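*Asks:* Turn these sequences into a full structure, and let the hints steer you where they fit.
Protein chains: 2
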Amino acid sequence: MRDFALDERLERDSERVTVLGLCQLRLLKDSRWPWLMLVPQRKGISEIYELTPLDQTLLTFETNSVAAALKKVTGARKINVGALGNIVGQLHVHIIARQEGDPNWPGPIWGYGSAEPYPDDAKKQDLLKKLVEAL
Amino acid sequence: MRDFALDERLERDSERVTVLGLCQLRLLKDSRWPWLMLVPQRKGISEIYELTPLDQTLLTFETNSVAAALKKVTGARKINVGALGNIVGQLHVHIIARQEGDPNWPGPIWGYGSAEPYPDDAKKQDLLKKLVEAL
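Residue numbers (UniProt numbering), protein chains in the order written: chain A, 1 to 135; chain B, 1 to 135.
I should point out that these hints are in silico values taken from the structure, not numbers from a laboratory.
Don't take each hint at face value.
In silico lysine-lysine, BS3-like type, Cα no more than 30 Å apart, as pairs [as the list claims (entries may be wrong)]:
{"no.": "1", "chain 1": "B", "residue 1": "LYS78", "chain 2": "A", "residue 2": "LYS29"}
{"no.": "2", "chain 1": "B", "residue 1": "LYS29", "chain 2": "A", "residue 2": "LYS78"}
{"no.": "3", "chain 1": "A", "residue 1": "LYS130", "chain 2": "A", "residue 2": "LYS29"}
{"no.": "4", "chain 1": "B", "residue 1": "LYS29", "chain 2": "B", "residue 2": "LYS123"}
{"no.": "5", "chain 1": "B", "residue 1": "LYS29", "chain 2": "B", "residue 2": "LYS124"}
{"no.": "6", "chain 1": "A", "residue 1": "LYS71", "chain 2": "B", "residue 2": "LYS78"}
{"no.": "7", "chain 1": "A", "residue 1": "LYS71", "chain 2": "A", "residue 2": "LYS29"}
{"no.": "8", "chain 1": "A", "residue 1": "LYS71", "chain 2": "B", "residue 2": "LYS43"}
{"no.": "9", "chain 1": "A", "residue 1": "LYS78", "chain 2": "B", "residue 2": "LYS43"}
{"no.": "10", "chain 1": "B", "residue 1": "LYS124", "chain 2": "B", "residue 2": "LYS71"}
{"no.": "11", "chain 1": "A", "residue 1": "LYS78", "chain 2": "B", "residue 2": "LYS71"}
{"no.": "12", "chain 1": "A", "residue 1": "LYS78", "chain 2": "A", "residue 2": "LYS29"}
{"no.": "13", "chain 1": "B", "residue 1": "LYS71", "chain 2": "A", "residue 2": "LYS43"}
{"no.": "14", "chain 1": "B", "residue 1": "LYS124", "chain 2": "B", "residue 2": "LYS78"}
{"no.": "15", "chain 1": "B", "residue 1": "LYS43", "chain 2": "A", "residue 2": "LYS72"}
{"no.": "16", "chain 1": "B", "residue 1": "LYS78", "chain 2": "A", "residue 2": "LYS43"}
{"no.": "17", "chain 1": "B", "residue 1": "LYS71", "chain 2": "B", "residue 2": "LYS129"}
{"no.": "18", "chain 1": "B", "residue 1": "LYS129", "chain 2": "B", "residue 2": "LYS72"}
{"no.": "19", "chain 1": "A", "residue 1": "LYS78", "chain 2": "B", "residue 2": "LYS78"}
{"no.": "20", "chain 1": "A", "residue 1": "LYS43", "chain 2": "B", "residue 2": "LYS72"}
{"no.": "21", "chain 1": "A", "residue 1": "LYS124", "chain 2": "A", "residue 2": "LYS29"}
{"no.": "22", "chain 1": "A", "residue 1": "LYS29", "chain 2": "A", "residue 2": "LYS123"}
{"no.": "23", "chain 1": "B", "residue 1": "LYS29", "chain 2": "B", "residue 2": "LYS43"}
Label pairs and their in silico Cβ distance ranges [claimed, not checked]:
{"no.": "24", "chain 1": "A", "residue 1": "TYR112", "chain 2": "B", "residue 2": "ARG9", "range": "17 to 27 Å"}
{"no.": "25", "chain 1": "A", "residue 1": "ASP7", "chain 2": "B", "residue 2": "ASP3", "range": "26 to 36 Å"}
{"no.": "26", "chain 1": "B", "residue 1": "GLU100", "chain 2": "A", "residue 2": "THR52", "range": "26 to 36 Å"}
{"no.": "27", "chain 1": "B", "residue 1": "ALA122", "chain 2": "A", "residue 2": "VAL19", "range": "46 to 56 Å"}
{"no.": "28", "chain 1": "B", "residue 1": "ASP120", "chain 2": "A", "residue 2": "ASP121", "range": "36 to 46 Å"}
A quick note: this is a predicted structure, and the numbers were derived from the prediction, not measured.
Ideal Cβ placement from N, Cα and C applies to all residues, glycine included.
*Replies:* Structure below.
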C-alpha cells in the first residue's frame, strides 16, 4: 500500500465507500446503474496478472464478495464485471448491477452516454448502507 | 464437468482452442480483435461467485494465464477482461487484446458493430499456435 496513489480520474469520477483487504471499494458518480469499482492499493499495476498470486486471489475474493452483495441488495438480473483500463491505466475492476431495460441493456455500460449524478444523497446513502451491511 | 453442456450461442460464435483445468478456452469468430473466452465447465452457473471457492481460484489462475499469454503474443496495449452475460446466461469470461486505434478503441468491444470472420485460416492458426505455446 506504501506509495500507492489513486489515479486522479478515478478519484474524480467515484467516491470511496470503504477499504477491503486489498482494494478500495468505490461508487461511481453515475446513478444510471449501481456501479462499483475495486482499486487494488498497489503501485504500478495495470493488468491483473501483474499482481502477486496472493493479491490475485484477494482480488478475486473481494470482487466476488462485492458482486454477491450487490446482487442481493439490488435484485439485479445480472452482475457485470470488467477490467478494461483502456483510458485509465491504473488497475481497477468494475462491478455493475444490471436490470432488463436499464440504459443500454443488454449492451455494456462502458462508453455509453454521459454520467448522471445521483439526484439526491438519500438514494445513494441508502444503497451504500445496504451494501456495506451485506458485505 | 458431468452434465456440462456448452450454450448454443457460445458454441456458434466461437471455436474451441483447448481445455484447461476448469475451462474451455475458445476463440471468437471475429477477426477485429484477438478475442478469447473461457467457459468454466460447470453446470448452471451464471455468476462467478456461484462457483466454489476452489473453482473461483482456478478461474482466476486460468484467466490471468491466458491474459498474460495473449499480451505476450499480440504485444497488446491493454488486455480487457470481462464477464457480462446479459445475453448468454452461462458464465463465460472474455479476454481481449486491445491496441490503440483498433475498432471502437478506447471503448469496449461488446455490442460494437458486427463480427468479421477471419479472412484466412492461416492468420487464425498462427495466432492460436503462438498462444498455445505461450500458455
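*Asks:* Next, verify each hint and record whether it holds.
*Replies:* Hints, verified against the model:
1. Of the pairs offered as hints, the one joining LYS78 (chain B) and LYS29 (chain A) holds, with about 25 Å between alpha carbons and a cut-off of 30 Å not exceeded.
2. Note on LYS29 (chain B) and LYS78 (chain A): the hinted pairing holds, with a Cα-Cα distance of about 25 Å set against a maximum of 30 Å.
3. Pair hint LYS130 (chain A) plus LYS29 (chain A) holds up; C-alpha atoms about 17 Å apart against a cutoff of 30 Å.
4. For the proposed pair LYS29 (chain B) and LYS123 (chain B), the alpha carbon gap of about 12 Å is at most 30 Å, so the pair holds.
5. Note on LYS29 (chain B) and LYS124 (chain B): the hinted pairing holds, with a Cα-Cα distance of about 10 Å set against a maximum of 30 Å.
6. For a cut-off of 30 Å, the pair hint linking LYS71 (chain A) to LYS78 (chain B) stands: about 29 Å separates their Cα positions.
7. Distance restraint check for LYS71 (chain A) and LYS29 (chain A): the Cα-Cα separation of roughly 19 Å lies within the 30 Å cut-off, and the hinted pair is therefore satisfied.
8. At most 30 Å may separate the alpha-carbon atoms for a hinted pair to count; LYS71 (chain A) and LYS43 (chain B) meet this at roughly 20 Å.
9. About 17 Å separates the Cα atoms of LYS78 (chain A) and LYS43 (chain B), which keeps this hinted pair within 30 Å; it holds.
10. With a C-alpha separation of about 16 Å, the suggested pairing of LYS124 (chain B) with LYS71 (chain B) holds against the 30 Å cut-off.
11. Restraint check: the Cα-Cα separation between LYS78 (chain A) and LYS71 (chain B) comes to about 29 Å, which is no more than 30 Å; the hinted pair holds.
12. Of the supplied pair hints, the one linking LYS78 (chain A) and LYS29 (chain A) holds, its CA atoms being roughly 20 Å apart against a limit of 30 Å.
13. The suggested pairing of LYS71 (chain B) with LYS43 (chain A) holds, with an alpha-carbon distance near 20 Å, which does not exceed 30 Å.
14. Distance hint between LYS124 (chain B) and LYS78 (chain B) is fulfilled; the C-alpha atoms sit about 20 Å from each other, no more than 30 Å.
15. Under the criterion of a C-alpha separation no larger than 30 Å, the hint pairing LYS43 (chain B) with LYS72 (chain A) is consistent with the structure, at around 22 Å.
16. Of the pairs offered as hints, the one joining LYS78 (chain B) and LYS43 (chain A) holds, with about 17 Å between alpha carbons and a cut-off of 30 Å not exceeded.
17. Between LYS71 (chain B) and LYS129 (chain B) the CA atoms are separated by roughly 14 Å; this keeps the pair inside 30 Å, and the hint holds.
18. A threshold of 30 Å between alpha carbons decides the hint, and for LYS129 (chain B) with LYS72 (chain B) the separation of about 13 Å falls inside it, so the pair holds.
19. Between LYS78 (chain A) and LYS78 (chain B) the alpha-carbon distance is near 25 Å, which keeps this suggested pair within the 30 Å criterion.
20. A threshold of 30 Å between alpha carbons decides the hint, and for LYS43 (chain A) with LYS72 (chain B) the separation of about 22 Å falls inside it, so the pair holds.
21. At roughly 9 Å between alpha-carbon atoms, LYS124 (chain A) and LYS29 (chain A) fall within 30 Å of each other, so this suggested pair holds.
22. Note on LYS29 (chain A) and LYS123 (chain A): the hinted pairing holds, with a Cα-Cα distance of about 12 Å set against a maximum of 30 Å.
23. Note on LYS29 (chain B) and LYS43 (chain B): the hinted pairing holds, with a Cα-Cα distance of about 24 Å set against a maximum of 30 Å.
24. Between TYR112 (chain A) and ARG9 (chain B) the beta carbons are some 23 Å apart, a value that agrees with the proposed interval 17 to 27 Å.
25. At roughly 44 Å, the beta carbons of ASP7 (chain A) and ASP3 (chain B) sit outside the given window of 26 to 36 Å.
26. Look at GLU100 (chain B) against THR52 (chain A): about 28 Å separates their beta carbons, and that is inside 26 to 36 Å.
27. Between ALA122 (chain B) and VAL19 (chain A), the C-beta spacing of about 50 Å keeps the proposed range 46 to 56 Å intact.
28. Look at ASP120 (chain B) against ASP121 (chain A): about 57 Å separates their beta carbons, and that is not inside 36 to 46 Å.
Hints 25, 28, counting from the list given before, are not met by this structure.
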